[in-house]
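There are 2 protein chains.
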Amino acid sequence: MKLYIAPRAPNPRRVQIFIVEKGITGIEEIPVNLNALEHKTEAFRAKSPLARVPVLELDDGRPLGETRAICTYLEGTKPEPNLMGRDPTERAFIEMADRRVELYVMAPISNWVRHTHPGLAVLENPQFGEFGKSQSEKLQEALVWLDGALATQDYIAGDRFTIADITAFCGIEFARLMKFKPGEAGYPHLQAWRDRIAAKPSTQT
Amino acid sequence: MKLYIAPRAPNPRRVQIFIVEKGITGIEEIPVNLNALEHKTEAFRAKSPLARVPVLELDDGRPLGETRAICTYLEGTKPEPNLMGRDPTERAFIEMADRRVELYVMAPISNWVRHTHPGLAVLENPQFGEFGKSQSEKLQEALVWLDGALATQDYIAGDRFTIADITAFCGIEFARLMKFKPGEAGYPHLQAWRDRIAAKPSTQT
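Heads up: the protein sequence lines correspond to chains W and Z, in order.
Using my numbering, read the first sequence as starting at 1 and increasing by one per residue.
Using my numbering, read the second sequence as starting at 1 and increasing by one per residue.
Think of the hints as simulated: they come from the structure by calculation, not from any bench.
Wrong hints could be hidden among the right ones.
Any copy will do: because identical chains look the same in the list, a pair fits if it lies in one copy or spans two.
[As the list claims (entries may be wrong)] Dumping the calculated SDA-like pairs for lysine to any residue here, alpha-carbon to alpha-carbon at most 25 Å:
hint, residue 1, residue 2
1, Lys40, Glu80
2, Lys179, Glu141
3, Lys2, Thr152
4, Lys22, Ser134
5, Lys179, Glu28
6, Lys138, Ser48
7, Lys2, Val20
8, Lys138, Glu80
9, Lys2, Gly158
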């Protein structure tokens, strides 16, 4: 299998961490240069019609896009260690947690970065600075919730490490482009959780 | 079980259609008045900390939030008719299709409506009109792709009706608030698909 990634982009990183956590080996990583708009070429759009990374090319040649869908596939190929739930009920509660950190933490962080950071002007065109700034304010409500949750549980979805921790970690780390650090912003439990995840071998790349 | 919904809101509608398609009965629907900000009350936040609908309250009292996570749970309770994939590989490809229409069709439509329609000013505060307008333009790339896909396949994820059709339908229908009709906008295959879905008993409510 081949995994099309973009160095430093948060969504490919989610899959890269997932693969290391699962102990899956033998997937070739192929970098796509976003700033050179390589993802918008006809060749890449044949694999990803809306020009998104990551894409996993299966051994039969089929391209599978969308971060979380790629993880669903990989979890099927190697169920343990389990990161997405062992039965439908656990799968649902982990998916709830994963969506919350994706939609209410990672998405506003992405909007904040993409609409206000000069380095993203090529990829987010046009940028709407005031909208981006307001997203950083909306983000705070989700961080208050998340910090409170992490005061009484070790991981995003409860008592064990799951895909939701990977999603939240890649989102929070992307905010470092905005000099954001949870502890300095008043979220000590989120900072402690972030430091635990940052110490894992899977997040060293 | 109890399902907390908001009349006419697209995300609760996704679950409502899913339930009818599955043939699941006996779930009590409880309306939440968004314009009265009932979702922001302490009582509702105990079920949904970030004040989102829908929420499914399980028989054991646990609140399960997030549209797609609720569907994952319900698919587990009643696997047939299958709407989310019968094995991990099929689940992954349907999830890919579902995410594409959620993130690249429904989300820009939501941003377009929420940031430009006067009726949404209470819920989306502040509104950023120019950003909203630009989202309607970004939407077109996804609609070109989707219209092209539906020229050669009957459903969003391929040859059978799945959760991805429900997501796309609720997104496209939400755009009616902006007087958007796929056929008039130059997407004839999307219009034909929309009309087939709109004729199903599950979408009559």
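Right, here's what the structure says about each hint:
1. Lys40 - Glu80: Close neither inside one copy (36 Å) nor across copies (39 Å); limit 25 Å.
2. Lys179 - Glu141: For Lys179 and Glu141, only the intra-copy Cα distance (19 Å) is at most 25 Å; the inter-copy one is 33 Å.
3. Lys2 - Thr152: neither (39 Å within a copy, 27 Å between copies)
4. Lys22 - Ser134: Neither. Shortest intra-copy (37 Å) and inter-copy (40 Å) distances fail the 25 Å Cα cut-off.
5. Lys179 - Glu28: Close neither inside one copy (32 Å) nor across copies (47 Å); limit 25 Å.
6. Lys138 - Ser48: between (31 Å within a copy, 17 Å between copies)
7. Lys2 - Val20: Within one copy only: 15 Å inside, 39 Å across.
8. Lys138 - Glu80: Intra 36 Å, inter 39 Å, cutoff 25 Å: neither.
9. Lys2 - Gly158: between (32 Å within a copy, 23 Å between copies)
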